[in-house]
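Q: As a plain string of letters, each chain reads:
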Amino acid sequence: MSAPVPPTDEERRASGEPVAATTRRRWLGAAAAAGASGLALAPGVRLIESARAAAPQGAAGAGANPKVRWGLLIDTTKCASGCTDCVDACNAENGLDPRPTPTSAQWMRKVEIKEIKTGRKSSVPMLCQHCAEPPCVDVCPTGASFKRVDGIVLVDRHICIGCRYCMMACPYKARSFVHETLTEQKPDVPRGKGCVESCTLCVHRIDQGQTTTACQDACTRAGHGAIVFGDLNDPQSEIAQRVRQAASVQLRADLKIDPGVRYQGL
Amino acid sequence: MNDPAETRNFWLLVAFGGLVTLIGLGAAHYMEVHGHIVTGMTNQVVWGLPHVFAIFMIVAASGVLNVASIGSVFGQKAYKPRAPLSGLLCLALLAGGLMVLMLDLGRPERVIVAATYYNFKSVFAWNVFLYSGMGAIVAVYLWTMFERRLNAYSKPAGIAALVWRFVLTTGTGSIFGFLVARQAYQSALLAPLFIVLSFGWGLAVFLLTQSTMYAWNGRRLPEDVQRRMARLLGVFIAASLYLVAVYHLTNLYFARQGAFESFILLGRGGGTLYALLFWGGYVLVGSVLPMLLLFHPKAGRQGDMLRAAALVIAGAFAWLFVFIIGGQAFPLEIFPGHEVSSSFGDGAVEAYVPSWPEFLLGVGGVGAAFVLTTVGVRALDFMPQDDLPAAASAQESA
Numbered sequence: 004m005s006a007p008v009p010p011t012d013e014e015r016r017a018s019g020e021p022v023a024a025t026t027r028r029r030w031l032g033a034a035a036a037a038g039a040s041g042l043a044l045a046p047g048v049r050l051i052e053s054a055r056a057a058a059p060q061g062a063a064g065a066g067a068n069p070k071v072r073w074g075l076l077i078d079t080t081k082c083a084s085g086c087t088d089c090v091d092a093c094n095a096e097n098g099l100d101p102r103p104t105p106t107s108a109q110w111m112r113k114v115e116i117k118e119i120k121t122g123r124k125s126s127v128p129m130l131c132q133h134c135a136e137p138p139c140v141d142v143c144p145t146g147a148s149f150k151r152v153d154g155i156v157l158v159d160r161h162i163c164i165g166c167r168y169c170m171m172a173c174p175y176k177a178r179s180f181v182h183e184t185l186t187e188q189k190p191d192v193p194r195g196k197g198c199v200e201s202c203t204l205c206v207h208r209i210d211q212g213q214t215t216t217a218c219q220d221a222c223t224r225a226g227h228g229a230i231v232f233g234d235l236n237d238p239q240s241e242i243a244q245r246v247r248q249a250a251s252v253q254l255r256a257d258l259k260i261d262p263g264v265r266y267q268g269l
Numbered sequence: 010m011n012d013p014a015e016t017r018n019f020w021l022l023v024a025f026g027g028l029v030t031l032i033g034l035g036a037a038h039y040m041e042v043h044g045h046i047v048t049g050m051t052n053q054v055v056w057g058l059p060h061v062f063a064i065f066m067i068v069a070a071s072g073v074l075n076v077a078s079i080g081s082v083f084g085q086k087a088y089k090p091r092a093p094l095s096g097l098l099c100l101a102l103l104a105g106g107l108m109v110l111m112l113d114l115g116r117p118e119r120v121i122v123a124a125t126y127y128n129f130k131s132v133f134a135w136n137v138f139l140y141s142g143m144g145a146i147v148a149v150y151l152w153t154m155f156e157r158r159l160n161a162y163s164k165p166a167g168i169a170a171l172v173w174r175f176v177l178t179t180g181t182g183s184i185f186g187f188l189v190a191r192q193a194y195q196s197a198l199l200a201p202l203f204i205v206l207s208f209g210w211g212l213a214v215f216l217l218t219q220s221t222m223y224a225w226n227g228r229r230l231p232e233d234v235q236r237r238m239a240r241l242l243g244v245f246i247a248a249s250l251y252l253v254a255v256y257h258l259t260n261l262y263f264a265r266q267g268a269f270e271s272f273i274l275l276g277r278g279g280g281t282l283y284a285l286l287f288w289g290g291y292v293l294v295g296s297v298l299p300m301l302l303l304f305h306p307k308a309g310r311q312g313d314m315l316r317a318a319a320l321v322i323a324g325a326f327a328w329l330f331v332f333i334i335g336g337q338a339f340p341l342e343i344f345p346g347h348e349v350s351s352s353f354g355d356g357a358v359e360a361y362v363p364s365w366p367e368f369l370l371g372v373g374g375v376g377a378a379f380v381l382t383t384v385g386v387r388a389l390d391f392m393p394q395d396d397l398p399a400a401a402s403a404q405e406s407a
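Chains A and E are the protein sequences, given in the same order. Going by our numbering, the first sequence wraps up at 269, each residue one higher than the last. Going by our numbering, the second sequence wraps up at 407, each residue one higher than the last.
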């Protein structure tokens, strides 16, 4: 009987498993199973993987689920111009500087648009579109930009060299470069000067079993309900039903990179 | 051979180049400690002046090898004795360019990561191999030229270097050519355009270096060699101008590219600087004036050729600034047909102003190339010899 073939680093990472810290993950997984919740995560630890290992489903050994395609549906007809609750929530959730400057990280932003021919105005929350064929992943020389099997596009801060080629490649201006030393980081969201980053679809929440993103929660709290997060592959999910019933579009659909974020009302 | 005055001058040159390099390294250190906040770069213009310097040097490194190829691959006698100098300049420029590129990384200390983790779908990752391969092949090529027993292998090594540098510059052009997102890039023309640009830029650098060496030795370039090289430079400038024109013409034909072209070529919508640099810097100073200096019946002297070479290099920087910075400053078109605004500069032209550390890092790379060339010329025999019977016989008798 042949021994089972261990997964490659690439396979581990895409499925949300740690690459260099398999043993540590097992240990963490066991600790989590033993009820040792509230694991203190020091900055610099492989956050995403560790968070997954510490999560309830991590104990069962499940990584990112390849059957899932996480995505967002944003209804611009419900999005209020001037409201930045989603952006503020994103900044607070991820420990980003709330004062927008050309050099600050803006994982989420509100874009005010007006159709030149008709004068029709819309307010559009913009963020990483979590493409199925992400150009940022294609161009990254070290493989730091990667897509998990559940469709979430992330940056591995351990091997990002800060070349910014992904920022050149992204059609949505979704990525930010950390231009200066950071302070007061969130333990769940380690970041670092000299690396590129973008919206993680609140992967730390997802991997802990939560079912909403910070922006969605804020939008719901504000009474707009313009943002729906969910599994596009699950026919029963709200997002799948909504995109089936009402017309929605992907931005720059001409590029055929199949974003996981869809917009209604554009 | 090494009289005291010459030795002193050599050390002065090394000290000067070393100081410039050190200042560049200091600037890089300053950028690393404080982050890119001390540069003019932003989340819109993510590649700034260091990339202009680095890409100039890397493209010129490929082009400067042309002289060697014409000599040892295509058998042109006037170029053959110039092949070693051409190889040395290639290595020096490549090293200088890569130094700037690496020190401009957000995490320059992770350069080892770039050498150990590869995503083979990335043009950047291909370039890591193309650059290191280029260095290795040219080193072997130089060896076959200097080591008499290996002279027979000089031609195959030269052919390998010729092929490799075509691939290398294709790779450099493709860094931009494969970017689907930005209006300025995403064109298959960029690979051949970069190759043709490399010919002119490389030859210009070669001519300036060669004449400095000749002047240093109190000699003049033979008239016929000078005429040939001047004519070749003129042809390269014309070919570059042609491909640049075709690149813009194809863009102008596509309605969706109209706004970008009027930004770059006419300066509309905040592109005045780029239009000025394009027409004044690249077209006039970098192409038309050099061609006049090279082809006008009343011009064509050695001084004219050198002035033309210097202008070509100035034009190269102007073109690269327009291409790299202008291409990023123009806003991404995420919502075609819409007026757009946001806190992140959507719909707005980015006003990029390079900072001193960026400039000094770029100049530091040039300094490093200068030091490598100076030391190489001193340590090994890179002075073109065949057209210098006096020098050759003097050496034989020594």
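Calculated from the structure, these hints are not laboratory results. Built from N, CA and C at the ideal position, the CB exists for glycine as well. Don't take each hint at face value.
With beta-carbon atoms standing in for the labels, derived distance ranges [stated by the list, open to error]: (1) E:PHE25 / A:VAL252: 53 to 63 Å; (2) E:GLN195 / A:GLU118: 23 to 33 Å; (3) E:THR125 / A:ASP257: 49 to 59 Å; (4) E:VAL244 / A:LYS124: 40 to 50 Å; (5) A:GLN248 / E:PHE129: 38 to 48 Å; (6) A:ARG102 / E:VAL42: 20 to 30 Å.
Quick list of in silico lysine-lysine cross-link-like pairs, DSS-like style, CA-CA up to 25 Å [said to hold, decoys possible]: (7) E:LYS164 / A:LYS259; (8) E:LYS86 / E:LYS164; (9) E:LYS86 / A:LYS150.
Covered stretches of chain E, as calculated for chain A (at least 3 residues, CB under 8 Å) [said to hold, decoys possible]: (10) 52 to 63; (11) 185 to 193.
Q: With reference to the structure, classify each hint as holding or not holding.
A: For each hint, the structure was consulted:
{"no.": "1", "hint": "E:PHE25 / A:VAL252: 53 to 63 Å", "in the structure": "holds (60 Å)"}
{"no.": "2", "hint": "E:GLN195 / A:GLU118: 23 to 33 Å", "in the structure": "holds (25 Å)"}
{"no.": "3", "hint": "E:THR125 / A:ASP257: 49 to 59 Å", "in the structure": "violated (37 Å)"}
{"no.": "4", "hint": "E:VAL244 / A:LYS124: 40 to 50 Å", "in the structure": "violated (55 Å)"}
{"no.": "5", "hint": "A:GLN248 / E:PHE129: 38 to 48 Å", "in the structure": "holds (42 Å)"}
{"no.": "6", "hint": "A:ARG102 / E:VAL42: 20 to 30 Å", "in the structure": "holds (23 Å)"}
{"no.": "7", "hint": "E:LYS164 / A:LYS259", "in the structure": "violated (47 Å)"}
{"no.": "8", "hint": "E:LYS86 / E:LYS164", "in the structure": "holds (13 Å)"}
{"no.": "9", "hint": "E:LYS86 / A:LYS150", "in the structure": "violated (55 Å)"}
{"no.": "10", "hint": "52 to 63", "in the structure": "holds (count 4)"}
{"no.": "11", "hint": "185 to 193", "in the structure": "holds (count 5)"}
The structure fails hints 3, 4, 7 and 9 (numbered hints given earlier, in ascending order).
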